[in-house]
Amino acid sequence: MPSQEKVLHIKGLKTYFPVRKGLLRTVAAHVKAVDGVDLEIYRGETLGLVGESGCGKTTLGKSIIQLVGAVGGQILYHEGEQTFDLLNLSPEEFKHIRQKIQIVFQDPHSSLNPAFTVFGSLQDPLKLYGVKTKAERRKIIGDLLEAVNMRREQMDNYPHEFSGGQRQRIGIARALCVNPEIVICDEAVSALDVSIQAQVLQLLQEIKEARGLTYIFITHDLSVVEYISDRVAVMYLGKIVELAESEALYRTPRHPYTQALLSAIPIADLDRKSDRIVLEGDVPNPVSPPSGCAFHPRCPKFKSLSEPEKQRCMGESPQLSDATQLTQPHLVSCHYPN
Amino acid sequence: MTRRPTRLDKKFDLLREKTEQGTLKAASSNRALNKLASNKLAVLGLAFVTIMILASVFAPLVTQYDPQKVDLRMMLKPPSADHILGTDKIGRDVFARIIYGGRISILVGLGSALGAALIGVSIGAYTGYKGGWWDSTFLRISEVVMSFPQIILVLMLVTILGQSLMNLIIIFTLTGWGSLYRLTRAQMLSLREEEYVQALRAFGLNTFTICFKHILPNALGPIMVNITLSTAMFILQEAGLSFLGLGVPLNIPTWGNILNVAQDLRILQNYWWVWLPSAVTISLFVLAINFVGDGLRDTTDPTMQG
Amino acid sequence: MSADQKVLSVKDLKTYIYVNNRCNKALDGVSFDVYRGKTLCIVGESGCGKSITASSITQLLPKLSRIESGEIVYHSERGDIRIDQLERNGPEMRALRGAEISMIFQDPMTALNPVYHIGSQISEGLQYHSKSTLAQLKQTSIDLLRQMGIPLAEQRVDDYPHQFSGGMRQRAMIAMAMSCKPKILIADEPTTALDVTIQAQIFELIDELKQRHNTAVILITHDMGVVAELADHVAVMYMGNIVEQGTVDDVLRHPAHPYTEALLKSIPILGKGKQQQITPIQGSTPDPYQRPKGCQFKPRCPYATEQCQTFPSSQSISETHDVLCWHSEKVLIHA
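Chains as they are written, first to last, in this note's numbering: chain A, 1 to 338; chain B, 1001 to 1306; chain C, 2001 to 2335.
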């Protein structure tokens, strides 16, 4: 059960990628992959981060774990009495933090080094974090493999001898090998067959309960996210547009984008034919997002607004706020939410 | 209208029968070796190269003659029972010179290829992974080195450093590291985006470990092929230089400087056994290495179906 | 059903792949029918053979594979044509491809040629299959793009693929496929690489085209949700066999094969919340080179018995519903 204790607090995070043009490779513009994100993550919860391609969810995950550099904002990590600003760490603090936040990747085919056995791949992080003898390392890796429902002996096999689902489980074992507190699952089940997805999701739940972990679950698959998350954040063009408890989001989505997204998903249930809201056009270019509310060119509600209301949507960027007075906050970034 | 049977059809029928009867041998663990073994040209090439190398190493067992021994009574004798390939201008046994010459030529070829690999791969791996100004700087340096006409560069260095075996290897290494650098860099650029590399970075492993211990083993395939083919190239280069008299000093026999005598038109026309065997040896050896290299490339290329 | 016209009949199709000097029985006796104006969804996971089925029908198989036996009968206006008997790249087959049987592929990024502009790629099929002038071809391309919902079609027809977004490229590919008004459209996972909101647009488009031209659509997918939304008929594949087929009502409401049942129970369904039960299928798909004896699903099947050592024969549950299992009654009762 998620607690009220904040473990990660993201404030105004910005991650921009420069676009270089011309002979001298001068910076012509920026891809605003993450454009001002505020997010609090509580210990023990699974936070789902959803959106379509280009929304910035993967970049957000990688910014937290420092695989890409953020250019602005703060990421505060709370550990007991201490607070670390992840964007301003000393080298020792950095090494300590890397242990606490880990990541599971999407592609089972490239997430493991084909030239090394499982033992070979997993022992380097262990060596780095002070596990000195080979025997100790073998024991720890063996335990980890068993924790992901594989056999100890398999640590001496090469990645190509495993199936996609098994490789993904090894990836999870790798993320766990330094005993993290927070695990970022970046599309961790998206590349797997449907029946294997269920196996890996179940495994992730078991591990979370056994070790008291916190998950940030990044995916584009809303059916999976509804099932596995406590809270869900929907992103569009680098910003969070809606953030609520999982059930509340699916029952009463308040942002027009969320509504359209949910209605677009094909449902494997014949008794529910959806009234599909089909969005027009394509996702805009993150280099030059629309003015004001980034969603207004495609927003189905925009068309039915009055002139002054439309002006507001085109000129003013909405903030994430909670107009309802419910016990569980349901935040929306929209001038005229439902 | 029925489909015409093709030659593949017969092969397929055989495989299908074997599978249904359960007599198909399970593919042995090393698929790469199997693929190489089935490439007849590569096997032939490998056989020839091995024979030549062994013959050169065990030269005293192959021929009783001393390649340096001058025998003025036996000048320019044609091939006979005594001297299989005859004798040269100052009575030295041609066959012996070729066998012993192989030592130097192969040494130069392989040594330069390995030297160039050492420099090129190290720089390519590190700067390719790091990127940024490291990468740009070395890229420019390699472009300068590679755009110089190689012969001119070699000639200049030979003049400066003087003619000797060691110097030749050094010169070849210094002028030839560019292609392996480029190759390794290209491999690095694609491999560094792989997810396992990102996982290693997420753990905070340092650049050297990631680059040389984890990524480089995956890039070795094309690098090995290039080393093989570079060996052939350097042997040819040495031959060319020695023919001009600018390679290894003339007293040490190499395949190249045996050819040096062919500058003399009289020898070229009338005494074919002095220079032709050496030329043929070089051609066959280089051809054989190329077959092996091509076979290796087909083996390491994951897109080729087998 | 007799009122519906059959446009394709596949009978006991076997396609084997011979890579690495081994024989992979990718399709091991597959039979189904396709009707005009109806969508058949072929659903299964990776390795089940659904893509090979599509490649067999269009004879676009990889070089080291072939159709071993069986029939692929295309019921054209000129009479029945045995596709499996035609030369792979002979004139008869090439006359069929693009003109009467068209295919769209999964990855719109790589399926279009980057160095030719969209208009020329769309009209290329027409150029080959009909006699039209260049001006007529260009106009047809513009009309097709407009039908596909691409705004400013007159200008976009001269754009290059990299100037189109993913969804638009897929529409361009559909335009290409529909340019000669084919009788059969095969779509191989057409939206897997696209976002969900774009996916919705593409499916709407395919449905509309189907209605307008009475095209038969064979849609290959791994997503049961897509099946529920779009299919008229469903064929579920596992390890090279169709283990269950019928109308979408038959298969989704009354699954008769253990695999279908297990598959439906293992996917989270939107709207059912956190408390829904999802049960993973135990084990994993067998190595195609070391297949189990008898029924291929036996090692993972909760209903398996000794009888399953013998490969099941096709059981008819109803006029429309067939299944390849000895224990289908048990599954039906359970569902």
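Some hints could be false.
To be verified - So, partial list: chain A residues that the calculated Cβ filter (under 7 Å) puts toward chain C:
no.	residue
1	Ser3
2	Val7
3	Glu52
4	Ser53
5	Val68
6	Ser223
7	Glu245
8	Ala248
9	Ala264
10	Asp275
11	Arg276
12	Val278
13	Pro284
Simulated from the structure, these hints should not be mistaken for lab results. Don't be surprised by glycine CBs; every beta carbon is placed ideally from N, CA and C.
Return the numbers of the hints above that this structure violates; sort them in rising order. Hints 1, 2, 5, 7, 8, 10 and 13 not satisfied by this model.
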